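J.: Residue numbering for the sequence shown follows this note's numbering, starting at 7 and increasing by one per position.
Because the hints were derived from the structure by calculation, they are not lab data. Note that the coordinates shown come from a computational prediction; the quantities given were computed from them, not determined experimentally. Some hints could be false.
Distance condition first, Cα-Cα at most 20 Å in a straight line; then the derived EDC-like pairs of lysine to aspartate or glutamate [unchecked claim]:
#1 143 to 108
#2 212 to 229
#3 143 to 133
#4 212 to 245
#5 40 to 52
#6 143 to 174
#7 40 to 67
#8 143 to 164
#9 212 to 230
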Amino acid sequence: MEVLVVGASGATGRLLVADLLARGHRVRAVLRAKSSLPEALRQHPDLSLTEASLLVLSDAELMRLVAGCDAVASCLGHTLSVKGIYGAPRRLVTDATRRLCDAIRANAPQQPVKFVLMNTSGNRNRDLNERISLAQKAVIALLRLVLPPHVDNEAAAEYLRLAIGQNDPQIEWAVVRPDALVDHPEISAIEAHPSPIRSAIFNAGKISRINVAHFIADLITRDEQWQRWRGRMPVIYNDMRDQTANISQPQPARV
Numbered sequence: 007m008e009v010l011v012v013g014a015s016g017a018t019g020r021l022l023v024a025d026l027l028a029r030g031h032r033v034r035a036v037l038r039a040k041s042s043l044p045e046a047l048r049q050h051p052d053l054s055l056t057e058a059s060l061l062v063l064s065d066a067e068l069m070r071l072v073a074g075c076d077a078v079a080s081c082l083g084h085t086l087s088v089k090g091i092y093g094a095p096r097r098l099v100t101d102a103t104r105r106l107c108d109a110i111r112a113n114a115p116q117q118p119v120k121f122v123l124m125n126t127s128g129n130r131n132r133d134l135n136e137r138i139s140l141a142q143k144a145v146i147a148l149l150r151l152v153l154p155p156h157v158d159n160e161a162a163a164e165y166l167r168l169a170i171g172q173n174d175p176q177i178e179w180a181v182v183r184p185d186a187l188v189d190h191p192e193i194s195a196i197e198a199h200p201s202p203i204r205s206a207i208f209n210a211g212k213i214s215r216i217n218v219a220h221f222i223a224d225l226i227t228r229d230e231q232w233q234r235w236r237g238r239m240p241v242i243y244n245d246m247r248d249q250t251a252n253i254s255q256p257q258p259a260r261v
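Whole structure, please, built from the sequences with the hints as guidance.
T.: Written as structure tokens, this is what we have:
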């Protein structure tokens with residue numbers, strides 16, 4: 007299997023690249039700096055690296071990147087800095103999703119290409135009746151006003167849900183919604199749910215980045231997992247029954 011990973015220099019993207027390679031798959035990775043990957047990973051014979059900002063690439067370059075790929079995974083996100091939150095590009099995730107999907111369609115693949123978008127549990131799946139409290143609605147409304155990345159993540163998921171939809175002959179998709187991200191060196195048990203089981207704002211759960219990467223890799227490579235979540239937006243948490251200890255404190259959720 008050939009997989010394109012964008013946002014491969016990020017904390018989760020690097021782990022996804024490593025997971026896919028460990029499973030024996032070929033990976034193409036787009037990242038701003040090759041040095042952000044460990045040397046051993048950079049030298050892997052099944053890894054092809056493109057050092058670039060994705061949105062700077064031309065349509066023809068994007069078509070070449072996705073040509074022959076069975077799946078595309080986007081781990082793109084805005085850095086948690088003033089420039090990353092309020093600077094350009096404000097629609098990084100949405101524009102990347104749209105342009106990658108356009109490139110897939112332009113290649114006219116014979117079989118549907120899987121598109122997996124890493125998103126956030128703070129984003130609702132509007133195909134489902136996901137109830138949230140008035141207080142959480144108020145906070146999310148405020149986030150839309152003051153944090154452009156939150157709007158970007160919402161719009162990217164909506165593009166897949168509405169513009170691609172459930173019956174596109176060339177693209178199938180899933181949007182992965184992790185809760186509060188933490189770091190842990192080992193893969194552990196997780197819970198995956200169609201909708202949040204706790205408030206992403208007032209009672210966020212934990213999910214380790216390595217578990218997010220492993221879940222995305224399972225989606226891409228395991229057909230039964232893909233058929234379960236295709237066209238859906240699973241919310242994932244570390245399994246609360248798993249007592250493998252000393253996970254670091256949660257980092258701020260991706261906005």
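J.: Mind checking the alpha carbons of residue 212 and residue 229 for me, to see if they're no more than 20 Å apart?
T.: violated, 26 Å
J.: Compare the distance between the alpha carbons of residue 212 and residue 230 with 20 Å, and conclude whether the hinted pair is satisfied.
T.: violated, 25 Å
J.: Would the hint linking residue 143 and residue 108 be met if the CA-CA limit is 20 Å?
T.: violated, 33 Å
J.: Is the Cα-Cα distance between residue 143 and residue 133 20 Å or less?
T.: holds, 17 Å
J.: Sort out whether residue 245 lies within 20 Å of residue 212, counting only the CA atoms.
T.: holds, 9 Å
J.: Take a quick look at whether residue 40 and residue 67 sit within 20 Å of each other, Cα to Cα.
T.: holds, 18 Å
J.: Has the given pair, residue 143 with residue 164, been kept, meaning a C-alpha gap of at most 20 Å?
T.: Distance ~18 Å between residue 143 and residue 164 Cα, so the pair holds.
J.: For the pair supplied as a hint, residue 40 and residue 52, is the alpha-carbon distance within the 20 Å limit?
T.: holds, 15 Å
J.: Run the distance test for residue 143 versus residue 174: straight-line Cα separation, threshold 20 Å.
T.: With a Cα-Cα distance of about 32 Å, the restraint between residue 143 and residue 174 is violated, given a limit of 20 Å.
Against the hints set out earlier in the document, violations occur for numbers 1, 2, 6 and 9.
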